[in-house]
Amino acid sequence: MALDTVAAAGTTPDRSQPFAALGLKPDEYQRIREILGRRPTSSELAMYSVMWSEHCSYKSSKVHLRQFGEKAPHSDALLVGIGENAGVVDVGQGYAVTFKIESHNHPSFVEPYQGAATGVGGIVRDILTMGARPIAVMDPLRFGPADAPDTHRVLPGIVAGIGGYGNCLGLPNIGGEIVFDETYAGNPLVNALCVGVMRHDQIKLAKASGVGNLVVLYGAKTGGDGIGGVSILASETFDSTGSAKRPSVQVGDPFVEKVLIECSLEIFAEDLVVGIQDLGGAGLSCATSELASAGTGGMKVALDTVPLRDPSLSPEEILMSESQERMCAIVEPSKIDRFLEICKKWDVTVTVIGEVTDSDRLIITWHDEVIVNVPPRTVAHEGPVYERPCIKPDYVDRVNAEKLNLPMPTTASEIRAAVLKLISSPNLADKSWVTSQYDKYVQGNTIQSQPEDSGMVRIDEKTHLGVAISTDANASWSYLNPYEGAKLALAEAARNIATAGAKPLAVTNCLNFGSPEDPGVMWQFAETVRGLADGCLEMGLPVTGGNVSFYNSTGDVAILPTPVIGVLGVIQDVRTRTPMSFDRTGLDLYLFGETHADLAGSEWAYLHNQRGGQAPTADLQREIRLIKLLLEGQPLFAAAHDLSQGGLVATLSEMVLRHNMGATIQLTGDLATALLSETPGRVVVAVEPTNAQAINTLAAKHQIALTQIGTTGGSSLTINDAAIGLDELRRAFTDTIPKLFGHSRADLPSILPLDAKKIG
Amino acid sequence: MKVGVVTFPGSLDDRDAARAIRAVGAEAIALWHGDSELHNVDAVILPGGFSYGDYLRCGAISRFAPVMTSIIERANTGMPVLGICNGFQILCESHLLPGALTRNHALHFLCTDQRLRIENTTTAWTSNFTVGQEIVIPLKNGEGSFQCDDATLAQLEDEGRVVLRYVGENPNGSRNLIAGITNARGNVVGLMPHPEHAIDPLTGPSADGLPFFTSVLTALVGK
Chain S
12 MALDTVAAAG TTPDRSQPFA ALGLKPDEYQ RIREILGRRP TSSELAMYSV
62 MWSEHCSYKS SKVHLRQFGE KAPHSDALLV GIGENAGVVD VGQGYAVTFK
112 IESHNHPSFV EPYQGAATGV GGIVRDILTM GARPIAVMDP LRFGPADAPD
162 THRVLPGIVA GIGGYGNCLG LPNIGGEIVF DETYAGNPLV NALCVGVMRH
212 DQIKLAKASG VGNLVVLYGA KTGGDGIGGV SILASETFDS TGSAKRPSVQ
262 VGDPFVEKVL IECSLEIFAE DLVVGIQDLG GAGLSCATSE LASAGTGGMK
312 VALDTVPLRD PSLSPEEILM SESQERMCAI VEPSKIDRFL EICKKWDVTV
362 TVIGEVTDSD RLIITWHDEV IVNVPPRTVA HEGPVYERPC IKPDYVDRVN
412 AEKLNLPMPT TASEIRAAVL KLISSPNLAD KSWVTSQYDK YVQGNTIQSQ
462 PEDSGMVRID EKTHLGVAIS TDANASWSYL NPYEGAKLAL AEAARNIATA
512 GAKPLAVTNC LNFGSPEDPG VMWQFAETVR GLADGCLEMG LPVTGGNVSF
562 YNSTGDVAIL PTPVIGVLGV IQDVRTRTPM SFDRTGLDLY LFGETHADLA
612 GSEWAYLHNQ RGGQAPTADL QREIRLIKLL LEGQPLFAAA HDLSQGGLVA
662 TLSEMVLRHN MGATIQLTGD LATALLSETP GRVVVAVEPT NAQAINTLAA
712 KHQIALTQIG TTGGSSLTIN DAAIGLDELR RAFTDTIPKL FGHSRADLPS
762 ILPLDAKKIG
Chain Y
5 MKVGVVTFPG SLDDRDAARA IRAVGAEAIA LWHGDSELHN VDAVILPGGF
55 SYGDYLRCGA ISRFAPVMTS IIERANTGMP VLGICNGFQI LCESHLLPGA
105 LTRNHALHFL CTDQRLRIEN TTTAWTSNFT VGQEIVIPLK NGEGSFQCDD
155 ATLAQLEDEG RVVLRYVGEN PNGSRNLIAG ITNARGNVVG LMPHPEHAID
205 PLTGPSADGL PFFTSVLTAL VGK
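Heads up: the protein sequence lines correspond to chains S and Y, in order. Take 12 as the starting number for the first sequence in the working numbering and just add one per residue. Take 5 as the starting number for the second sequence in the working numbering and just add one per residue.
Don't read these hints as lab results, they were simulated from the structure. Note that CB positions come from ideal geometry on N, CA and C, so glycine has one too. Don't take each hint at face value.
To be verified - Here are the simulated lysine-lysine pairs, DSS-like style, with alpha carbons at most 30 Å apart:
id, chain 1, residue 1, chain 2, residue 2
1, S, LYS356, Y, LYS6
2, S, LYS442, S, LYS750
3, Y, LYS6, S, LYS473
4, S, LYS355, Y, LYS6
Said to hold, decoys possible - Each pair of labels, with its calculated beta carbon distance range:
id, chain 1, residue 1, chain 2, residue 2, range
5, S, GLU398, Y, PRO205, 48 to 58 Å
6, Y, THR156, S, SER443, 32 to 42 Å
7, Y, MET5, S, ASP746, 44 to 54 Å
Unchecked claim - Part of the chain Y face toward chain S, derived, beta carbon under 8 Å:
id, residue
8, LEU16
9, GLY53
10, PHE113
11, CYS115
12, LYS144
13, LEU206
14, GLY208
So here's chain S without its partners, still in its complex pose:
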């Protein structure tokens, strides 16, 4: 096909263009024609189509997401807020921390390994782009039923992809979640979080300013992978033609990314860039238009200078390519020589592809012919905005009215059976088959990782300053009540931070939902955002950024509304953190918080195929008091562990198995409710008996209910008359996932026979 230039577009106004195939609606196409005053060139059409896709433009969610700004609490900690690649938070001592979570759901369904791997790669580059050294990753994952055939296709690949990429980058994986539910059967959720650290004065922004400054592309060469990946994969629901989409998934090269990180950090340390943007979804279209749009507006790029892995690529394909491991920097001419020198040291391909101009147009040429001439804001920031209809779906009142009918264990043998059933269920069982495939030690600063309540990394070896992060979602509650569900997920993430002794500071989120064109899904989304914004305001935690993933459904069945909330906190001295469990006998165990009959949306209900009832109502004032209590009481706690899915049963089981130290528990009243309820705002702590008075004083001061429930010691978990040996408990807890997804080590062949007599 002949090159479609701006000149040609002027002379052939009526040429028909495949806007619909590129995902644009007729009115969107018409608007592009109005903006330009002519038909777009094929390159311009490519740019607008990817940048105006749901994934890049947030066109369905924007009107709701505004609440995060409108309801933002006052915060002294927020250095960079929503709109940049990632938010930045002041954690003291001159350090700034940046963190963000993103989805890579659809690519991971199509091609589990590469989809998950490039999900890690993309979020790591977002963090790097802020000027920060990435220091840890986390991966909240959701799959279909653990015994479903497709779960066995996607889970091992996704886990291997996360490990394969993250391990090779040298980033410790410090936490996440794995949840199984049938609504994710055809649409697993792969969310990836990265956190990075820098000094305050090292913060970088994505803007192109300074006329005459150079536009520099560095990192991997551009290939044909991921062309249209964003618009095709993230903005359309899957249908039966899945395999045809395989080429749209990007292929990652973690080695190139590792070198790119080190090279970029050296460049940042010498202050060689004015602005910087990574190339992710929508590739060069996104990077050039966003940099120009956020800067003074004018930029000129010679697209034919872009180094290619596949020389046959057309200009449209180069603009849309989502080849990984690429960055775009704005560099003053006086600093370009040093910039090129550092790239050479790291063997990183680098090319000056353009410059910042004093116009307000983004002009892209191909062998001196103009193929793009657009106002960059119209591409990057002024895309379509939809007020999609929101209608409360019928199911809500129906399921809320349902009465649960669950077996409630009372006798010793019933309690034993209930404990073993719960902790061997895939959602509550030990996940170390997965987490042992991730490097948690690299960088040497990991203080806590899975299975602790939160991940924690040290950021200063001399002062012992650290940060903690937790991600949480309870989709079952969000299904019953998305407004409360969002608040409850926020409260849980914040509580998980405080349980370890860190002070919650800021929030990121990854909102995974079905199709925004379904008014019921849109209602779930709107309610979630409203709940999260209200919750953040009440708890005084600013939202620093996030990600929306729509179209998570197969056929007509949407996933459960799944807002994954990440909370970041700071701890002044990581040596004082409270671990999740105890390793000595003779400690008293206490429960903070009241327990009500909150079984709706619980694991116990899920195990009995019941989804109905009413979600708990979030009491954020009580959560705030509990967080204050946890931080103030930290020196008193030998261990502290949050209660969430699986209630007291899961919490106690996890605590006794962590260091193989048993406990004897005495509960009064309604035993089944005490064990199985998932009432939010509760924490179990272990304390020295000498601190009994201090604990009581603390609870009274913060008006949090306190119940002494038992003591540590022995080789069993004993709850009233029901005793379960730790070995039996451990087998129930640890056998499930390896049985489903792997082989136990004993089944593995030795590659060569062992020479037994030589081994001591």
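Given the coordinates of chain S, work out where chain Y should sit on it, guided by the hints.
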């Protein structure tokens, strides 16, 4: 005392190795793969990571780095060299140590707190342990299964050159549960587990890794 730590493109645990060296009071010197100059170091650590992405056999490209020419030369005249994980793989590819590290038998990456037994305390890197001492340090790799031919295995065992052995279940399919070996002279040691990640119980499973680093100082002082 100066201990060099080599950074190859894709090295990951280089800063951790340097931290461990500083923790025992020595000076850590950064060495660069493309520079054959060793800056008067007294010993060298080849750290863990995925040098050059390990897309070919692990360590197969790194052995040709200019810095390796100098290291191989010095190692052959007695300079202590410790290869950890990817560093062990590079030492095998460089033929400073025999055998090869292949894919774990479970075919995936494994990160675990590994129990190990010290088998040889005559090397430059293990003299501050006692024979039979059990330690727990992190093991984290995808290709850690030690393999060699029968003759080499017999020679390693007969000459007491197995430095470190896995205790309990074989984590990766290594022959004779071998986790680390030495050359005949005892100055070059390769380990799959990571002692540099066990220098402080705050950030690792134990401080059991420290004696590897104090040992080399003892060896150097005693010279």
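Each hint tested on the structure:
1. Simply put, LYS356(S) and LYS6(Y) have alpha-carbon atoms about 25 Å apart, close enough for the 30 Å limit, and the pair holds.
2. As the CA atoms of LYS442(S) and LYS750(S) are separated by approximately 12 Å, the hinted pair is consistent with the 30 Å bound.
3. The hinted pair formed by LYS6(Y) and LYS473(S) meets the criterion: a straight-line CA distance of about 22 Å does not exceed 30 Å.
4. For the proposed pair LYS355(S) and LYS6(Y), the alpha carbon gap of about 28 Å is at most 30 Å, so the pair holds.
5. For GLU398(S) and PRO205(Y), the hinted distance range of 48 to 58 Å is satisfied, since their beta carbons lie about 56 Å from each other.
6. A hinted range of 32 to 42 Å holds for the C-beta pair THR156(Y) and SER443(S), which are about 34 Å apart.
7. For the hinted restraint 44 to 54 Å between MET5(Y) and ASP746(S), the CB-CB distance of approximately 49 Å keeps it satisfied.
8. A distance limit of 8 Å between C-beta atoms decides the matter here; for LEU16(Y) the minimum to chain S is near 3 Å, and the interface restraint holds.
9. Here the hint on GLY53(Y) is kept, as its CB sits about 7 Å from the closest CB of chain S, short of 8 Å.
10. Taken as an interface hint, PHE113(Y) checks out: its beta carbon lies about 5 Å from the nearest beta carbon of chain S, inside 8 Å.
11. Hint status for CYS115(Y) relative to chain S: holds, with the closest Cβ pair at about 5 Å, below 8 Å.
12. The interface hint given for LYS144(Y) is met, as the beta carbon of that residue sits about 5 Å from the closest beta carbon of chain S, less than 8 Å.
13. Annotation: interface hint on LEU206(Y) holds; nearest CB of chain S at approximately 6 Å, less than 8 Å.
14. For GLY208(Y), the interface hint holds, since its Cβ comes within 8 Å of a Cβ in chain S; the closest pair sits about 7 Å apart.
This entry satisfies every hint, going by the numbered hints stated previously.
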